[in-house]
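Q: Each chain, written out:
2 protein chains.
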Amino acid sequence: MKVDHNKLKKFVVQIFQSIGCKEQEALLAAEVLVSADLRGIDSHGVARLVGYVRLFDNGRLNPKPICKIIHQTPSTATIDGDKGLGLVVAPFAMEIAMEKAHKVGTGWIAVQNSNHFGIAGYHAMKALPENMIGWAMTHAAPLVTPTFSKEKLLGTNPIAISIPALTEPAFVADFASTAVAYGKLEILQRKGLDTPDGWVQDKDGKPCNDAFAIKNGGALLPLGGDREHGSHKGYGLGAAVDILSGVLSGANFGPWVPPFATAGFMSAGDSVGNGTGHFLGAMRVDGFRPIEEFLADMDKWIQRFRSAEAVEGQKVLIPGDPERILEAERKIEGIPLLDPVLKDLEGLGTRFNIKLDL
Amino acid sequence: MKVDHNKLKKFVVQIFQSIGCKEQEALLAAEVLVSADLRGIDSHGVARLVGYVRLFDNGRLNPKPICKIIHQTPSTATIDGDKGLGLVVAPFAMEIAMEKAHKVGTGWIAVQNSNHFGIAGYHAMKALPENMIGWAMTHAAPLVTPTFSKEKLLGTNPIAISIPALTEPAFVADFASTAVAYGKLEILQRKGLDTPDGWVQDKDGKPCNDAFAIKNGGALLPLGGDREHGSHKGYGLGAAVDILSGVLSGANFGPWVPPFATAGFMSAGDSVGNGTGHFLGAMRVDGFRPIEEFLADMDKWIQRFRSAEAVEGQKVLIPGDPERILEAERKIEGIPLLDPVLKDLEGLGTRFNIKLDL
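Line by line, the protein sequences give chains Y and U. 1 is the number of the first residue of the first sequence in this note's numbering; add one for each residue after it. 1 is the number of the first residue of the second sequence in this note's numbering; add one for each residue after it.
None of these hints come from the bench; they were simulated from the model. Some clues are possibly wrong.
The list makes no distinction among identical chains, and a pair is therefore deemed to hold if it is satisfied within one copy or across any two copies.
No farther apart than 25 angstroms at their CA atoms in a straight line, the calculated lysine-lysine pairs in the DSS-like style are these [to be verified]:
{"#": "1", "residue 1": "22", "residue 2": "103"}
{"#": "2", "residue 1": "184", "residue 2": "22"}
{"#": "3", "residue 1": "9", "residue 2": "64"}
{"#": "4", "residue 1": "64", "residue 2": "103"}
{"#": "5", "residue 1": "64", "residue 2": "203"}
{"#": "6", "residue 1": "343", "residue 2": "191"}
{"#": "7", "residue 1": "315", "residue 2": "206"}
{"#": "8", "residue 1": "315", "residue 2": "64"}
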């Protein structure tokens, strides 16, 4: 079933208001969430709404957070998210990053005491209209093993970098530091298919093809897959994201990062910091180079890469192309929702007495 | 043959002085170069010395560069490296990054008009004694295809991040954005062996196992290998490094990045910017969190990861462990030099009338 994104957003706003969010923040959270569905990252969109509500039910989510700067210099700050929705806390942090960048060239914000922030790309892209390069990363509950480890110590820890261009659409890289996102496994699970090599390992740390590997004590592998193919690089990247998001902010880190409420994965139980963390940044392009020169060269970069001679039957894409193309399509044709997601939304509608009019 | 690192360094200093470098800069360049050999990244050490001299012979290297800040804000700058050795230009840039970080929390430096800067990790690690997080990245001549491309448009574009700890050795991730470094292919070439799957493709963009793939019109693959295993992520990372190092600094970018003199690879011939570029950064830890809290948590992070239950017969390592262990070993046991490298050094000794006393 395909649904209109505006109607979907309106429903999400009402749900967030039902658990106590202020109107402006409910609107923002809905905007971030539905942008994931529009951009084709369905696992991070309204499919998670029921999870955010469960976080609230479990007392882990403060619907009316008062975000505070708890430490700062002219180009840095750490923010306490007051147990708020990451969907609201991260945009708050990004605003401060951009304010600082306006003043001193760049702004870098570590966030503690937050929750899942949706798609990293949304936050990084907020810098684009200001002609800034945007950075967003977050850690997440442990599903991923370091190279040679049997234990899951890292989340899929994504990183997003957005870079403005002149007439070309912006460059937006937004990717997990694993070979694949967890959502890819769920698709195979539903279809009863095995995974390709290099995605997962079993509980003994042996390579396997079990789409249910994680439920059976196994793990997702870092980008690269195994040591021979550079998994230590994916591990290093995911680890750096964890340290910047967790250790630098004073949040939890590694195996102690609290699980998102939908997943049913266990955390280490105890706590070494304050909630979930993120790391965001904004760099003013004209802190380095006159803006018009930079933007013209970005167009040249993008055009050269997009016109590269491609493997037969394929096209060379610019990071951000697939999501942007999908967003344009889905704004017109609607967002496809799977039955289980629709059922979850209906459940929320019933509980809060809100009509699901899609 | 294993050689003493101090004797090796002394020889390298004399060679750099012979092509006109000032003593202090020759010392610094030798220090950076030999640190690669000590840390086991042999492809970036003295094996390249003959290449740097060839850059000089070709008029592409200014032995007495006057590096200048050509654009800046309190937390950013762009530096013109005046065609100097990257081995000298990058430390100059890193000093400025740290100065800015002392003043406003972070410092970010784009560099244009430079040359190959050795190992990224060396530069990132310069931030550690100041209790800063160090960043270093550089682009390089095109050996790598974007996902689905037949054309080589990116270098192996490495990124390094160094993070200080309290009693534990620092976290130092330093890796190319490809499945493997080019040096790994050269080892297989010498042995007459094929590559594993997922390292290279042939001239038609088909996966292959030819260690000579690049010489035969093929390419190195981005980290991830193919689309199914996340090569678009390695491509996105390498592309971001290229844009920060090249487009943001006003250097060349993509296929226009000039080749290092040893490799014999061709550049696109024309030029779209000023030499080779880098991007370096320093973030003061206490710009985010009291330093003693952060360092204690880093120890906890490192200890937890290092003690993770490992796959049989293996150990879970912290990024930077292998290089640090090798450095300690090689400082005592000497640096192993291959015969062709030794022969190159002898040739330089003869040419400049410097005794190779190892």
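Q: Each hint: holds or not?
A: To see whether the hints hold, each was checked on the structure:
1. Proximity of residue 22 to residue 103 under the C-alpha cut-off of 25 angstroms is found in neither arrangement, the shortest distances being 30 angstroms within a copy and 38 angstroms between copies.
2. Taking the shortest Cα distances, residue 184 and residue 22 never come within 25 angstroms of each other, neither inside one copy (34 angstroms) nor across copies (56 angstroms).
3. For a Cα distance limit of 25 angstroms, the shortest separation of residue 9 from residue 64 inside one copy, 20 angstroms, qualifies, whereas the shortest one across copies, 61 angstroms, does not.
4. Neither within a single protomer nor between protomers do residue 64 and residue 103 lie at most 25 angstroms apart by alpha-carbon distance, with minima of 29 angstroms and 35 angstroms respectively.
5. Taking CA atoms no more than 25 angstroms apart as the test, residue 64 paired with residue 203 passes in neither setting, with 41 angstroms inside one copy and 57 angstroms between copies.
6. Proximity of residue 343 and residue 191 under a CA criterion of 25 angstroms is satisfied intra-copy only: 19 angstroms inside one chain copy versus 60 angstroms between copies.
7. Taking CA atoms no more than 25 angstroms apart as the test, residue 315 paired with residue 206 passes between copies only; the shortest distance there is 14 angstroms, against 35 angstroms inside one copy.
8. Taking the shortest Cα distances, residue 315 and residue 64 never come within 25 angstroms of each other, neither inside one copy (46 angstroms) nor across copies (45 angstroms).
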